[in-house]
Every structure is written in structure tokens, then in C-alpha cells.
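A.B. asks: First to last, the protein sequences are chains A and B. Just so you know, we're using the working numbering here: the first sequence kicks off at -5 and counts up by one. Just so you know, we're using the working numbering here: the second sequence kicks off at 354 and counts up by one.
The reader is advised that the hints may include incorrect statements.
Claimed, not checked - Sample of chain A residues at the chain B side, in silico, Cβ under 8 Å:
hint, residue
1, 66
2, 69
3, 86
4, 103
5, 104
6, 105
7, 141
8, 313
Derived by calculation from the structure, the hints in this document are not laboratory data. All figures in this text were calculated on a predicted structure; none of them were measured in a lab. All C-beta atoms in this analysis are idealised placements derived from N, C-alpha and C, irrespective of residue type, glycine included.
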Amino acid sequence: MSEPTAMKATTYREAVKEAICEALHQDPRVFLMGEDVGHYGGCYAVSKGMLAEFGPERIRDTPLCESGFVGAGIGAALGGMRPIVEVMTVNFSLLALDQIVNSAATLLHMSGGQFNVPLVIRMATGAGKQLAAQHAHSFEGWYAHIPGLRVLSPATLEDARGMLWTALEDPDPVLIFENNTLYNMEGMLAADAGPVDIDTARVRRPGRDLTLITYSASLFKCLDAAKILAEEGIEAEVIDLRSLRPLDDATYLASIARTHRVLIVDEGWRSGSLAAEISARIMERAFYDLDLPVERLCSAEVPMPYARHMEEAALPQVDSIVATVRRMMGHG
Amino acid sequence: MKIPNKDQAIRQLRQMLLIRRFEEKSAELYSAMKIRGFLHLYIGEEAVAVGVMSALTAEDAVVATYREHGQALARGMDGGRIMAEMYGKREGCCRGRGGSMHLFDAATRFYGGNAIVGGGLPLAVGLALADTMQGRSRVTSCFFGDGAVAEGDFHEAMNMAGLWNLPVLFVCENNLYAMGTALRYTEANQDIAAKAANYRMASAAVDGMDVVAVEAAACKAVDHIRQGNGPYLLECRTYRFRPHSMFDTELYRTKEEVDEWKKRDPIELLARSLVESGQFTKEEREVVEREVAAEVEAAVAFAEAGTWEPVEDLTRFVYSERRGA
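Based on the sequences and whatever the hints tell you, model everything.
C.D. replies: Now the structure itself:
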């Protein structure tokens, strides 16, 4: 019998931090670069204390120039480094969209396979902290549209801790989206937690009646909703996509083959969303498994409002997930 | 023009002629529909690429623009593979995935071929940062046009390079027009070299039609960089003799202006100096011309003989085929 794994209490922020520190210790080519990562300690305090430990070369404060420093990260990756570039928030990453889409995602192809870009870009994403319309959107789905990129969405402590190293080992650009509402999330993590795969979706809660497909912070709303539904005798299966590009189709298609009903919960805007893409794939490949049309719960199509009650109304919530599932199950 | 080294000057003349004849042939092949897409000719600006490359070593890196046949040839990339790339053939330097605007070559550290104006500058900063962090004393040269100077990436890259004292040679090929709009309509301060001072960076402006002057200025700049003094902005004042691309009716400049600049053709300026100083004869020029013509002919033959990549390979090179590299 193997020893039970030692567990420790930690937070999502600590898990990300541990992953970065481990990478800096293990590989001299790794460095962290971004706005306020050094002297300030990171906008979300992820890199607090790292400057003192690793020095200003490897915990590199950049000027406020997202296009410039993401481009420099691409160049450093071409030059043999393994940069982790932190973009403060997803809305700011739009200033670097040119470098991400026109350079990072294209260089391998344009060069006929000669120049790969082993770059990791991390950024905070998502609403829920009353940060309004220029700090709180979810553009993961946009990035997931781009061939040449890998797009990851760690929701759990294990993934916050384990995805980074695997991403750094990947020869191509990987974007990691950390939902800002998760940084304070507490939980237990194996003391020896380490790298995890970045290819597969996970069934986070098994259930026979309906499949909830989601990712990032909405995972926990779906799990809470599934608990409530279970008390009513509805067993929802909850799938955490984890990787948004490429998508692990097999995991959710297998679930739908068992449950025959599916609700996709996605904090992106509904039109042209990742949920729309997944819905289309289900139509193409699992149409005859379905008892009901695919449904989607997405963000309301407004720029994210500041006022708390309005922001809450704009996002999928436990209540709206529960209500939608009840209706789909004929309990509405 | 004073020639400090005859053999070097003749090599440079030969390189400039190769670029000129290679591109004249490319224009013909464009009309013959062998080459498609956008084709931006460097004709008139050859002294810049040839002069700057003369100052670099094989270990250094080059980042270039979409008007980069000259840089690629001057860097020593094989003309046949460049021509095959423009044909879209598998034997091209990028297997036909890039075309004229996206020439890449790992062997000569040629990092493109960037068709987003200004997009290459941050990449050059990153390459230089990687060298610095890994304790290598290489120089990254970065070519861009006067149009790029208006882009945010120019200022962002100059600032980072200055701030971090990085070994980047920024080479502005100022041909006076951002596509078809004159610098005076786009720049508040048209003195490009002067912009370096804002970034604590050394700079100089040089006659970009004079290959000897460009080489001397580039050597001075590279010495400055190699001695650890940080980046350098070299503005080369030059002129594009041909239209911006194959679709340009040149409404924005007069024939007289073009003719005036053609009197300062960089190839003829150098050839004349060599002949006048008795270091080169008409017969020797003819020999060089014949050699260059043969090289261009060989490049075309290589491209013609090339093959088409099977369509089944369409989605290759989107992701690396080997993970964990």
C-alpha cells in the first residue's frame, strides 16, 4: 500500500507562484517579464518576493508597452530563452494582439518549420471584481480561434500549480488565462504536486442526466449548481475543458453519449463564443446522441458594467445554471 | 567616394549587382505570373543592406522587413532557395509558406521577413535580450523603413533597448516614403537619427547611396555595441527607384525626382569610383555582370525545377512536430 499523499493548505495565487519559482529554479533559460512583476510584486501579488530571490534580470519589470514586451518575449524565445511574459489583464493584451497573432502564432509556419516560439504568456482574465469594461472581459475564446497558439484555462489548484511547467516545455506559444476571482481561492494541494498534462479535459463531477461543459471560474459555479441539482435528483456531469485550444472533444462527446443533454457555461459573450464553437462540434459529431437541443449560458452582450448587481446579472451564476438545467430536465 | 579596400569594394559591387539583377528578374517573373502575392523591390537601396551586412559576423542576427530580398542575399542566403520561395515551391527557404515578404533562414540567423510595419523591432530587442542573458556578445541588426518610425513598436522597442542597454543595431532605411506618403506628411520631426536621443541611444545618419560610407558607419555602430555601450540607431538616407510594390502608380512623386536620385545609383557610384581610381576596368565589370547573370539564371532554374509540397501537408508547421524541444 502506498503512503497517503501529504496535503497542504494553499491558494490559487500561491500555486501559481510556486510553479513560477520552481521553473526559475529548474531552468536557467526561464525568466518572468511584465508590468509591475518586480518591485511592485505583481499586480495580483503573484510574484511578490521573487525580485529579492531571483534578481532584476529574471524578474524583469517592463515599461508599459504590451506590444513591445510581448514582442521582446517572442524574440527572447527565438533566442533560446524560455520567457514567461505576464500581461496585467486580458483587456491590455489587446495592445499586444498584433505580436501574439501576427508573430508568435505565425513564425513557425511562415518560416517553413524553422523558427518555433517557446513562449508562455500569462494573464488575468474574467469579471466578478467590479472592474468594469476595460479590465474584466473574457477573451480566451478569441485567442482560441488562432491556429499556432495553445490556450489554457487552469481552474483548480492542481492546474494552477501544474500547467506552467508543461507549457514551458512546449515548443510553441502557450497562453495561460488565470481568472482574477480565483487568486484568493483556498484549498488543499498535494505537497508534491507537479506538472500536469495540458491536452485533456476532465470530468470534475460525474453524473448521468446532463453534461455541463465549462472552464475557468465558471467551473465552481457549475459544481455548486450540480450540488443543488443533486438534492432534487438531477445528476449533472461537470466537465472542465482546461485546454481551450486544442479542445479535447473526446471527453465531452463521451459524456454526452451518456447523458444526452448538454449545457455549455461560458463567461465570454454569446455571439461567436467558444460555447458556439463547442455547440457546433456537438451538432456535427453527436447530434443523434442528443435528447434536447444544446443550450448555452454566456455573458450578457454588454460591456462589463461596474455596479455589483449589474455585473452579477451580466454573468452566468449558480442560480441561472440551476434554472436552465431544471427547465431542460422538464422540472422548470 | 574614397575606396579604402579594393577587394572589399569589388565584393560589395558584386553583391549589389546580384541584388539588382535578381530583382529585375523577379519583376519579369512577376509579370510572367511565376511569382505572385506582393513583391516589393529593393532596387536603389542596395548599398544599405550590403554596407550593413559587411559589418556583421555570422553569429549576429538579422531581422528584416517585407522588402528583404536585398538583406537576404547580402546575408548570404542562397538565391535559388529565395527564388524557389517566391515561386511557392517546397525547395524554397520556407517551403513556400512565406513568399517574398517572409524569407527566413536559421543557418544565417535571418529572422524574417516581417510584413507588419514596425513588428520586427520588438523581436530584435528580445533576441538581443536573450544574448545578453546568456552571456553571448552577438549583435542583432534590425532593418525597418521610415514608415515604421511612426509606429508604437518603434518607440517601445527603442525604449526597451535603451533602458536595458541591449546589443541592437537599429537600421532605418529612410527612403522618404511610407508606401506612398512622404515623410513630411507623417512625421512631426523628420530627423529620424535625432529620435535616438530620447532613448539614451547613440545614432548617426549616413548617405545610404554610398556603400563605403554605410559600411564605415555600420562598423562604427557595431563597435560601439560590441564594446557594451548599448544599442545604436543608424539612419541610412536612401531612395527606392521602383514603385512600392507591383501595384503602385506612383502618383505621389515626380519622374524628375526619381531621375535625380537615379544619378546617385549606389552601384554606379561605386563602379565609377573604382574605375576612376584605376582599380577596376570595364572588362572586369563585364566579368562580374556575367557571373551575376549566371547566378540569377541558376536561381531561376532551381526554382523552376522545384516541386510543389503535397496539399496533404497543408496543416504542417502550425505546431511543432516534436514536443518538448
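A.B. asks: Evaluate each hint against the coordinates.
C.D. replies: Going through the hints against the structure:
Look at residue 66(A): its Cβ gets to within about 4 Å of chain B, closer than 8 Å, so that hint holds up. For the restraint placing residue 69(A) at the interface with chain B, the shortest Cβ-Cβ distance is roughly 2 Å, inside the 8 Å limit, so the hint holds. Interface restraint check for residue 86(A): the shortest CB-CB distance to chain B comes to about 14 Å, outside 8 Å, so the restraint is violated. For residue 103(A), the shortest C-beta to C-beta distance to chain B is roughly 5 Å, which falls under 8 Å, so the interface hint holds.
With 8 Å as the threshold, the beta carbon of residue 104(A) comes within range of chain B, its nearest partner Cβ sitting at about 4 Å, so the hint holds. Because the closest C-beta pair between residue 105(A) and chain B is about 4 Å apart, less than 8 Å, the hint holds. With a least beta-carbon distance of about 5 Å to chain B, the hint placing residue 141(A) at the interface is held under the 8 Å criterion. Residue-level restraint check for residue 313(A) is violated (minimum Cβ-Cβ distance to chain B is 40 Å; threshold 8 Å).
Hint compliance for this structure: hints 3, 8 are broken, all remaining hints hold.
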